[in-house]
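J.: Residue-level listing of the chains:
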Amino acid sequence: MYLYITILLVIELISVSAFTYLSILFVRVYRKIKLDSILLYTIFIIFLLLSQLSGVFSIIIPDTRIATTLYIATSSFAIAGFTTMLMLSFSSNNLYIFIPIFIASPDILAGILSTLIVLKRIKGETRYFLSLLSTSYYIRGIGALLTAFQGTLLTLLISETIRATAAVLLSLHHTAQVLTYGKEKE
Amino acid sequence: MVKKRNKLEIVFEIIDILSKETLNPTKLAMLVNMPYDRLKKLLEELIEKGIIQFEEQGRSKVFMLTPQGYKLYEELKKVRKILKDYGILD
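So the sequence lines, in the order shown, correspond to chains A and B. Just so we're aligned, residue 1 is where the first sequence starts under my numbering, counting upward by one. Just so we're aligned, residue 187 is where the second sequence starts under my numbering, counting upward by one.
Just chain A, same shape as in the assembly:
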């Protein structure tokens, strides 16, 4: 097992080095040429680099919970990278049909995961704010699909408004919890 992890780590580190080199090279090219196609490709490479880095850290970090989070981040970064790459083909072929599914699925997954967290763990007012955030992800996912199939942009706008509102409420709620900590004690 130890040998397997060592070999895997060496392989991952080689790809991290290669992707780092490519990222630097493409950032340099983009800074000089400033063309959209180079920018999208650069973003694609950077996302793959982030994906590989998450993979490396998921192996190194002994804490199972953090390692699992990083393991999930590996594929999430890869999805983001591949979606960026698909954007390059957007006008030239029919792949655009699949793009909404790519965009919608992480949203729906985020919705399901946040609902599970709300049901399993969360107490107090945080429950309402996180539920709101969770709802926004469902609407966002459905909105992305509806828009692709001649739906309305209104769904996306509504979901973005709910998401932004939920996020600001959640962050303010937690900030208030931090700030009022000492005062409550008094």
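Since the hints were made in silico from the structure, they are not lab data. Backbone N, C-alpha and C fix where the C-beta goes; we use that ideal spot for every residue, glycine too.
DEER-style ranges, computed between Cβ atoms:
1) I14/A x G273/B: 19 to 29 Å
2) K270/B x S105/A: 22 to 32 Å
3) R245/B x I24/A: 41 to 51 Å
4) E231/B x I79/A: 31 to 41 Å
5) Y4/A x E234/B: 51 to 61 Å
6) K213/B x S105/A: 51 to 61 Å
7) T161/A x E231/B: 32 to 42 Å
8) Y4/A x I268/B: 29 to 39 Å
Fit chain B to the given chain A structure using the hints.
T.: Leaving out everything else, chain B in the frame of chain A:
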């Protein structure tokens, strides 16, 4: 059917041609195979980015790569195969 070239392909062609010789816009338009008015806009953009420059020779202009343009050309040649694999460059 003739495939429409993307902007990067045209820019790469311009840089490739100008890396070998300095040219006036008429001949450059002919070699790049695009109308002069479209090429003019692109050349202005490339001048603004510091990739090419021009010299007045009598009544006409002669275009050439800047030192930064040569560096970009070398870097583009390095990444050309990758871009070709992804269909970004032809």
